[in-house]
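Sequences listed follow chains A and B, in order. Per this note's numbering, the first sequence runs over residues 1 to 373. Per this note's numbering, the second sequence runs over residues 374 to 724.
Calculated directly from the structure, the hints in this document are not laboratory data. For each residue, glycine too, the CB sits at the ideal point set by N, CA and C. Just to be clear, a hint being listed does not mean it is correct.
[To be verified] Derived list of chain A stretches under chain B, where covered just means 3 residues or more per stretch with a C-beta under 8 Å from a C-beta of chain B:
#1 30 to 38
#2 161 to 171
[As the list claims (entries may be wrong)] Computed list of chain B residues with no C-beta within reach of chain A, every gap over 10 Å:
#3 508
#4 512
#5 562
#6 582
#7 628
#8 636
Take a look at the letters that make up each chain.
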Amino acid sequence: MPLDAPPAADEKPSAEPTNRLAIVDSDIHPAVKSMACLKPFVEKKWWDHAMTYGFRRRHGSATVEPYPKSAPLASRRDAWPEDGSGRPGSSLELMQRQYLDPAGVELGVLGPLGNTGQGELNTAFGAAFCRATNEWQREAWTSKDRRLRAAVVVPYEDAYASAREIERVGHMKDYAQVFCLTRSADPLGNRRYWPIYAAAQAHNLPMAFHVFGTSGHPVTGAGWPSYYIEEGAGGHSTSAQTVVTSLVMEGVFEEFPKLKVVIVEGGFGWLPPLTWRLDKIFEKNRDELSHLRRKPSEYIREHIWISTQPMEEPENRHHLLDTLQWVGHDRLLFASDYPHWDFDDPFRAFPAGITPAQHRAICAENGLNVYRI
Amino acid sequence: MTTDWTGAIDCDVHPRVPDINALRRYMDSYWSETVEVRGIDSFETIAYPRRAPMTLRADLAASKPDEDAGRTASALLDRHGFGHAILNCLYAVQMIRDEHMAAAFAAAVNDWVRHEWLDRDPRYRASIVVPYQSTERAVAEIERCAPDRRFVQALFIAGTEEPLGKSRYWPIYAACERHGLPIGIHAGSSYHHAVTGSGWPTYWAEDYAASSLAMHAQVGSLVAEGVFVKYPGLKAVLIESGVTWLAPYLWRLSKFWRGVRLEVPWIDRLPSEIVRDHIRLTTAPLDVPDDPAMLERILDQLPSEDMLLFSSDFPHWQHDGDAMLPANLNDALRRKVLIDNPRATYARLAP
C-alpha cells in the first residue's frame, strides 16, 4: 500500500499484523518455449500447413510486429529465463519465483498472445491453433499451478467455430474467461459475433477483450500511424473504446443480459468520458437506437469491468482518484501484464490516497466476483 | 446563471451548399460542364444525414437557415449578439478520390462561402476547405484564399486517409504557419476506409461517436511526428468531437513517451505540454455529465483553461434552446471560452 494512504473509515486498526492481500491478476501472458509446444495438440494437417505457409494475418507481416516494440518481445529485460530456454513468460518456475509468489497472487488469469490462431486469414487453420492453445494452457500451466486459470482462446472471426470451442472446454474449471482481441474485422458488437456471446453467457464465462489483433483496417479511423507510441497510446485505448461502444450500441446487453465483459490492457481513464459521450449521443438518437431500453452508462455500469494496466499516471494524482471513482471501484480489476515491459506491481501501481478497502476491491474482491471460481 | 453571449466568437457554424448548381456558378467551364455531362450529383457523406436529428435542430427544419447567410445571421448572430462566427462548410470535398476534381470543388466551395456568406455579413469568418488529396493543390488553394483575411483557418476532416502528422502534409502546415492560419480538424471522415480500427459500425450513432477516436489518432500523430517542433507557430483546433477524452489520452501519451521515446527522439518534452501549447478544442458537443458538481473536476483535468473555444455547432443539434454552455461555468472561464481563447487562437481575428 502507498505509505501515505490514510486508513479508511471502515478499516479497524488491528494489533495483529494482517496477512498480505491475496492478489487476483486479470492479465498474465504465458508464452510457448517454442511453437513445438503446440505440436502435440494440433492435427497433422494443420501442423504441416503452419510449417509450409506460416501464420497469415491481416497485416501482411510474416515475422515481426508491424510496429516494433521498445524492448524485445515487449518484455521486461529481467523476464527472460536465465537458462536461455525460451521467451519471457514461457517458464512457470521463473513466473512463480519472480512474480506469483512474491506478489501473493491467489488467482492469475492467463491471456495467451502470439500465434494462437486468433486473427488467422484461414479460419479453419486458426480454429485448430486456438484448440491447441487451449489444450496447452491446461497441460503446461493450469494443471501445474492451481493459482492459474486459462482463457478459452477463440477464432473470433468465425463465431460458430468459436462457440463450438467454448462448448468443448467451457465446462472445465481450468478456464476463467473467453478471450478475444479488440481489433476485429467488424466492431465486436456486430451480430455476426453473437454466437460467441451466447456460448459465453451459457457457461457463465466473462468475455475478455484484450488489446491488439489484426483487423485488416487501418488501426485508427485516421489511417495508419507511423510509430509504436501512436499504436500503443492511441491505437489500443481507441480499439477498446470501439469495443465498448459497439457492444452497447448494438444491443449486446439487451440480447445477453447476464453477459460480463472485461476490457484488458487498454487503460481505463477513457471509460468515464466515453460513457458521458455515449449518453449524450443516445439522448439525441433514441429513434435509431430504439432497441436500447437503457442509457449506455447503465449498460456499462452493469456489464463492463476494466483492468487497471497500464496504470494511468496523470501529474496530479487527484485526477486519477477522481477517475477511479467515476469508473467505480467495484468495476476495476488489477492486471500486471506480466512479463511485459509496462508491468504493474499490485503494491506500487496505485496512487496515494486510494483507501485500503478500494485497493482490496480492485486487487482481489472484484476479480473473485467476475471470474467463475 | 448568466446568459449573456454578447461578443462571443462561435468557432463552429455550418453553412450548407444547397445543391450542385450553387457551386457550378463558381467553377470554370470545364468543371461546370463536367458536372452536367457526367451527371454528378452533390457530394454528401453519411456523416450528416440531412434529416437526422443531430444534423438539424428540429426547430430549424422548416427554415433551413444553414442554406442562407441572412437566415443564419438572424437565427444565431442577431439573437445572441455574437461578435463572430467561423464557418466550417462540410461539403464532402475530402471524400472525392480524383485530386483534380477535389481541387475544383474545394475552390468552388471556398468561393461560394466568400461570396454568399462572407460578403453578406461582416461578422462571418471562414475556414478554407483544403483539397489535401494532393499536398501541392492544398498549398495552392491556401495561397489563393489566404490574401482574404476573413479566411481564418484551414479545414481538415478527422477521418483522413493518413494521419495528419505525416510529412506529406508538412508543406500545407508551412503555408498555414506563414499565413497565421490554425488547422481545424472537424468531426467526420473521408470514408476512404473504415471509421474505426475495427471496421464499419452498424449505427450512425457509433459513427458519430467514433470521431473522437479519430481525434485521438490526429493528436498522437501531430505530436509524435514532430509537427509542432517543425512548425512552432502552428495551432490545431479539434472541432465537434467532445472535450473530456483528451486529458486521459494525454496521460497515456505522456506515459508511453516516457517509455518509448527512443523512437521519436525529436520530441524533447512531455506530449501533454506540447498539446497544451498547440491544440485547442471547441466546446460542442460538450461531453460532460448532467451532474453540475462534476464539471469543475472534469475541466480541471485539462492541461490549461486556454484550450477551450466556444462553439454552437449551429444548426446541428447539440443543445436545447440557449444552453450552449453549462450554466455553472464560472464567469472568468466563460469569458475566456467565449472571447479570449478564440482570439488567442485565431491570429486573423485580431481587430
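Going down the list of hints, with the structure as the test:
1. Counting residues of the stretch 30 to 38 of chain A whose beta carbon lies closer than 8 Å to any beta carbon of chain B gives 0, which falls short of the minimum of three for the stated coverage.
2. Counting residues of the stretch 161 to 171 of chain A whose CB lies closer than 8 Å to any CB of chain B gives 0, which falls below the minimum of 3, so the coverage claim is violated.
3. No beta-carbon of chain A is positioned within 10 Å of the beta-carbon of residue 508 (chain B); the least distance is around 15 Å.
4. Listed as outside the interface, residue 512 (chain B) is consistent with that label: its C-beta sits roughly 20 Å from the nearest C-beta of chain A, beyond the 10 Å cut-off.
5. Here residue 562 (chain B) does not stay apart from chain A, with its beta-carbon only about 6 Å from theirs, under the 10 Å limit.
6. Separation of residue 582 (chain B) from chain A is inadequate, the least Cβ-Cβ distance of about 5 Å not exceeding the 10 Å criterion.
7. Annotated as non-interface, residue 628 (chain B) brings its C-beta within 10 Å of a C-beta of chain A; the closest such distance is 5 Å.
8. With a cut of 10 Å on Cβ distances, residue 636 (chain B) falls inside the contact zone with chain A, its closest approach being about 6 Å.
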